[in-house]
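Student: Single-letter residue listing:
Number of protein chains: 2
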Amino acid sequence: MSKPKGFEKPTGVKDYLPHAVTKLRRIERNVLACMHRWGYEQIMTPTIEYYDTVGVASATSDQKLFKLLNHRGTTIVLRSDVTAPIARVASSLLKETPFPLRLSYHANVFRAFEEEGGREAEFFQTGVELVGDASPEADAEVIALAIASLQAAGVPEFKIAVGHVGFLNGLFEETLPGRAGAQESLKACLLQRDHVGYRDILRSLSLEEPIRSELEGILRLRGGQEVCDQALRLSGNDAAHLAIRHLCDLWDVLGAYGVQEHVLIDLTMIGDFSYYTGMTFEGYAAHLGFPVVSGGRYDNLLAQFGRPAPATGFALKTTRILEVVEDEAEANGTTLILYAEPSRIAALAEAGKRREAGESVVTEAVRTAEERGAVEALLQTKANRAKNGEPLVYQGRRYDGLVAFGIGEGEEA
Amino acid sequence: MSKPKGFEKPTGVKDYLPHAVTKLRRIERNVLACMHRWGYEQIMTPTIEYYDTVGVASATSDQKLFKLLNHRGTTIVLRSDVTAPIARVASSLLKETPFPLRLSYHANVFRAFEEEGGREAEFFQTGVELVGDASPEADAEVIALAIASLQAAGVPEFKIAVGHVGFLNGLFEETLPGRAGAQESLKACLLQRDHVGYRDILRSLSLEEPIRSELEGILRLRGGQEVCDQALRLSGNDAAHLAIRHLCDLWDVLGAYGVQEHVLIDLTMIGDFSYYTGMTFEGYAAHLGFPVVSGGRYDNLLAQFGRPAPATGFALKTTRILEVVEDEAEANGTTLILYAEPSRIAALAEAGKRREAGESVVTEAVRTAEERGAVEALLQTKANRAKNGEPLVYQGRRYDGLVAFGIGEGEEA
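Residue numbers (this note's numbering), protein chains in the order written: chain D, 214 to 626; chain W, 214 to 626.
Derived by calculation from the structure, the hints in this document are not laboratory data.
This structure is a prediction, so every number in the text was calculated from the model and none was measured.
Glycine residues also receive a C-beta, built at the ideal position from the N, C-alpha and C atoms.
Hints may contain errors.
[Said to hold, decoys possible] Calculated lysine-lysine pairs in the BS3-like style (CA-CA distance at most 27 Å, straight line):
#1 W:K280 / W:K216
#2 D:K308 / W:K218
#3 D:K227 / W:K280
#4 W:K372 / W:K400
#5 W:K308 / D:K216
#6 W:K227 / D:K227
#7 W:K227 / W:K216
#8 W:K277 / D:K218
#9 D:K277 / W:K227
#10 W:K216 / W:K277
#11 W:K216 / D:K308
#12 D:K227 / D:K277
#13 D:K308 / W:K236
#14 W:K372 / D:K566
#15 W:K236 / D:K236
#16 D:K277 / W:K595
#17 W:K400 / D:K218
#18 D:K280 / W:K216
#19 D:K308 / D:K227
#20 W:K218 / W:K277
#21 D:K566 / D:K595
#22 D:K308 / D:K216
#23 D:K280 / W:K218
#24 W:K227 / W:K308
#25 D:K308 / D:K277
#26 W:K277 / D:K280
#27 W:K566 / W:K595
#28 W:K566 / D:K372
#29 W:K216 / D:K277
#30 D:K218 / W:K308
#31 W:K280 / D:K216
#32 D:K277 / W:K372
#33 W:K308 / D:K227
#34 W:K280 / D:K277
#35 W:K372 / W:K236
[Unchecked claim] Which stretches of chain D does chain W cover? Using the computed rule of at least three CB atoms under 8 Å from a CB of chain W, they are:
#36 221-227
#37 250-258
#38 262-268
#39 274-287
#40 474-484
Throw the hints in and build the complete structure from the sequences for me.
Tutor: Here's what the structure looks like:
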């Protein structure tokens, strides 16, 4: 392609201007504080990792990894999630720290080849990992914390859908034994939430009853406690039964947390990460077509780093949450202190005093006759402007307060 | 090389465990809040940029840039500073926003080929850019803000050395006209602060008096106001004189800010960034061999992005500051709530209540007889431990409070 122009940046990445940064930082701060109240301690891992370790272990498909070679010829990736790096840390720096580990993070992650179609190549995630606890209580804790985190972020309305990869795997193994291709096509439809396609494939498989209606029936397995009961009747497979029992226990613990109203059991749900081994969940906000949080249990990942352990966790899609969260009124505005050179000491001292008191202050020297005229005009109308709620504008920028030193009649301080 | 082991990460990058993250986050928060009080608004730019734009414009030498190819064959770099990206934003997204722009950032930046010798390939910088103001007041503002930022970060003792690239360029042009090689060697020595090497080169040039003593005399040009006076006498070159006059004015404004005690004029100082065009400065903390802040004026950078403007700014070396800042006592510890299953609802409700009040709480279900025994023993000694100031340890982890539900004699809440 032709050389990029000076003002261009790679497609798929963003600049965040002050207004957006204020909002993003507020979400980050509130969510991390929430995670801290649940006993999760924050860690940071590097932006770059080895392809052969974290790159391969991550759930991101190979062609979506950002790769580069270091000068020794080793392939490096830009991290595509923080779950695999945390598994590495749990097995190295933290290997003497007893389980359970409760860790939180806020980080940018990367996807190559997502430059087209408006998808983002770099975006923020805020999440937790609970490592070393296989119980339904641990899964319920991360779901309840995901709900608390979405509330802390300010997401007004959302629903969490919970499924279990063991149920679908068990059911498909029972009803379509050895037919890997058919199983994969059906799962692909469920992952895309394409129920029409799922029914089409079912028809094309010319299955006998009751297999066909069993497989079609799962599309209706969405709801509360009653879904667990229905699912137990639907499948006789042991793995599927174990999965359902785990979900029933999890549902009870969610009741003890008082958060069942935010949760829906959805047995058609497949987590989109290949490393999930048990419960998976996704959270949807009103009026948004994509999840704002996703998580699940991954009991085989840590073994790849040399310290086998069950684990469960989630990541908020913080960049997407930015779109559904209301703007907050700015806490306090900026005061402009203008001064003529002979009054510099008094002006800068006043600025220092106000900054120490927590006020945001900009200082500007007034040098030219033109600038001086503009300041004098502004000072004359200042009282009227304040009365009418009109903004103070100087050199094209809006301020919430104005103090002048050595300009105009009455010096103000 | 051989395949990296599972627990390995690329050399030159770091994992930050919770203790270090707490400290790093505190520095980040306090410094950004300080910059906000000076009217600087925070922006965020992407981790990746085009090599042909930001990569070339940055002050980092080509072989130290982390490069990768995107799928279109365009060369991408991991940002090596945030000054060049901000120049890009000032010329694109912010091109209608009037000068002066006051922008702040906190970001990780990258250096390739620094993996050896313990140097870091990824590290944090926290900085500001003041764009569109060529005055000594602007230079003094960023130096005074650098001082306030180091204080906000908690750096106990530091000194800022201020120089001017125009002085050395002017002096060398006057004393060594046309001898580019000799000029470069002398500058290289100054950049490395190698005064012995500088004198050796001077000797080897067999210069006549008073040229030789003039060039040797600059090594003594370190101090306050008096240095400006000496420098004015030392060189008759116009550019050198202009530079010195600018520094004298800057020194006056620093006096108005009341911060001269932290500053040293050092005319041998050369900023290590090729884009500096005027005043440059570096800040040194006690007991640290490398600068904790560096900055300067770069009046030609924005033109490369299509919106010519003078600019000045600095970056704190936040990762290094981490090493000189004291640990702070943790604000409040974590309470452990243990429960037997029948008491789950009461236990989780108590946890919820405490979290709402801002407390950090971990909950654990007690399942096995062994766990139950450990909890009962802990409860029996709890009062004594608290009296003796001994920590509460459960499953190898230390807590600052303990509440049990459904275990032990008297249920506590």
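Student: Confirm or reject each hint.
Tutor: Right, here's what the structure says about each hint:
1. Pair hint K280 (chain W) plus K216 (chain W) holds up; C-alpha atoms about 22 Å apart against a cutoff of 27 Å.
2. At most 27 Å may separate the alpha-carbon atoms for a hinted pair to count; K308 (chain D) and K218 (chain W) meet this at roughly 15 Å.
3. Pair hint K227 (chain D) plus K280 (chain W) holds up; C-alpha atoms about 19 Å apart against a cutoff of 27 Å.
4. Annotation: proposed proximity of K372 (chain W) to K400 (chain W) holds, straight-line Cα distance about 22 Å (limit 27 Å).
5. Using a Cα cut-off of 27 Å, the hinted pair K308 (chain W) and K216 (chain D) holds, with the two alpha carbons roughly 22 Å apart.
6. A hinted pair counts as satisfied when its Cα atoms are at most 27 Å apart, and K227 (chain W) with K227 (chain D) qualifies at roughly 25 Å.
7. With a C-alpha separation of about 20 Å, the suggested pair K227 (chain W) and K216 (chain W) falls inside the 27 Å cut-off, and the hint holds.
8. Distance check on the hinted pair: K277 (chain W) and K218 (chain D) sit about 23 Å apart at the alpha-carbon level, within 27 Å; holds.
9. For the hint linking K277 (chain D) to K227 (chain W), the alpha-carbon distance of about 24 Å falls within 27 Å, and the restraint holds.
10. About 24 Å separates the Cα atoms of K216 (chain W) and K277 (chain W), which keeps this hinted pair within 27 Å; it holds.
11. Restraint check for K216 (chain W) and K308 (chain D): the C-alpha separation of about 22 Å stays at or below 27 Å, so the hint holds.
12. Among the hinted pairs, K227 (chain D) with K277 (chain D) is consistent with the structure: their alpha-carbon atoms are about 18 Å apart, no more than 27 Å.
13. Of the pairs offered as hints, the one joining K308 (chain D) and K236 (chain W) holds, with about 22 Å between alpha carbons and a cut-off of 27 Å not exceeded.
14. Taken as a hint, the K372 (chain W) and K566 (chain D) pair is honoured in the structure, with Cα atoms around 23 Å apart against an allowance of 27 Å.
15. Of the supplied pair hints, the one linking K236 (chain W) and K236 (chain D) holds, its CA atoms being roughly 23 Å apart against a limit of 27 Å.
16. For the suggested pair K277 (chain D) and K595 (chain W), the alpha carbons sit about 53 Å apart, so the restraint of at most 27 Å is broken.
17. Taken as a hint, the K400 (chain W) and K218 (chain D) pair is broken in the structure, with Cα atoms around 34 Å apart against an allowance of 27 Å.
18. At most 27 Å may separate the alpha-carbon atoms for a hinted pair to count; K280 (chain D) and K216 (chain W) meet this at roughly 16 Å.
19. With a CA separation close to 37 Å, the supplied pair K308 (chain D) and K227 (chain D) exceeds the 27 Å bound.
20. For the given pair, K218 (chain W) sits about 26 Å from K277 (chain W) by alpha-carbon distance, which is consistent with the 27 Å threshold.
21. At roughly 22 Å between alpha-carbon atoms, K566 (chain D) and K595 (chain D) fall within 27 Å of each other, so this suggested pair holds.
22. About 48 Å separates the Cα atoms of K308 (chain D) and K216 (chain D), which puts this hinted pair outside 27 Å; it is violated.
23. Distance restraint check for K280 (chain D) and K218 (chain W): the Cα-Cα separation of roughly 18 Å lies within the 27 Å cut-off, and the hinted pair is therefore satisfied.
24. Straight-line distance between C-alpha atoms of K227 (chain W) and K308 (chain W) comes to about 37 Å, which puts the hinted pair past the 27 Å bound.
25. A distance of roughly 30 Å separates the Cα atoms of K308 (chain D) and K277 (chain D); the hinted pair therefore is violated under the 27 Å criterion.
26. Taking the CA atoms of K277 (chain W) and K280 (chain D), the gap is near 18 Å; set against the 27 Å cutoff, the hint holds.
27. Note on K566 (chain W) and K595 (chain W): the hinted pairing holds, with a Cα-Cα distance of about 23 Å set against a maximum of 27 Å.
28. For the hint pairing K566 (chain W) with K372 (chain D), the CA-to-CA distance comes to about 23 Å; that is within 27 Å, so the pair holds.
29. Distance hint between K216 (chain W) and K277 (chain D) is fulfilled; the C-alpha atoms sit about 21 Å from each other, no more than 27 Å.
30. Of the pairs offered as hints, the one joining K218 (chain D) and K308 (chain W) holds, with about 15 Å between alpha carbons and a cut-off of 27 Å not exceeded.
31. Using a Cα cut-off of 27 Å, the hinted pair K280 (chain W) and K216 (chain D) holds, with the two alpha carbons roughly 16 Å apart.
32. With a C-alpha separation of about 47 Å, the suggested pair K277 (chain D) and K372 (chain W) falls outside the 27 Å cut-off, and the hint is violated.
33. With a CA separation close to 16 Å, the supplied pair K308 (chain W) and K227 (chain D) stays within the 27 Å bound.
34. Pair hint K280 (chain W) plus K277 (chain D) holds up; C-alpha atoms about 18 Å apart against a cutoff of 27 Å.
35. For the hint pairing K372 (chain W) with K236 (chain W), the CA-to-CA distance comes to about 23 Å; that is within 27 Å, so the pair holds.
36. With a threshold of 8 Å between beta carbons, the proposed coverage of the segment 221-227 of chain D by chain W holds, since 5 of its residues qualify and at least three are required.
37. For a cut-off of 8 Å, the count of residues in the segment 250-258 of chain D with a CB near a CB of chain W stands at 8, and the three-residue condition holds.
38. Under a criterion of three residues with beta carbons nearer than 8 Å to beta carbons of chain W, the stated coverage of the segment 262-268 of chain D is upheld, 5 such residues being counted.
39. Check on the segment 274-287 of chain D: 8 of its residues sit with their Cβ under 8 Å from a Cβ of chain W, so the three-residue criterion for coverage holds.
40. A stretch counts as covered by a chain when three or more of its residues have a beta carbon under 8 Å from one of that chain; for the segment 474-484 of chain D and chain W the count is 0, and the coverage is violated.
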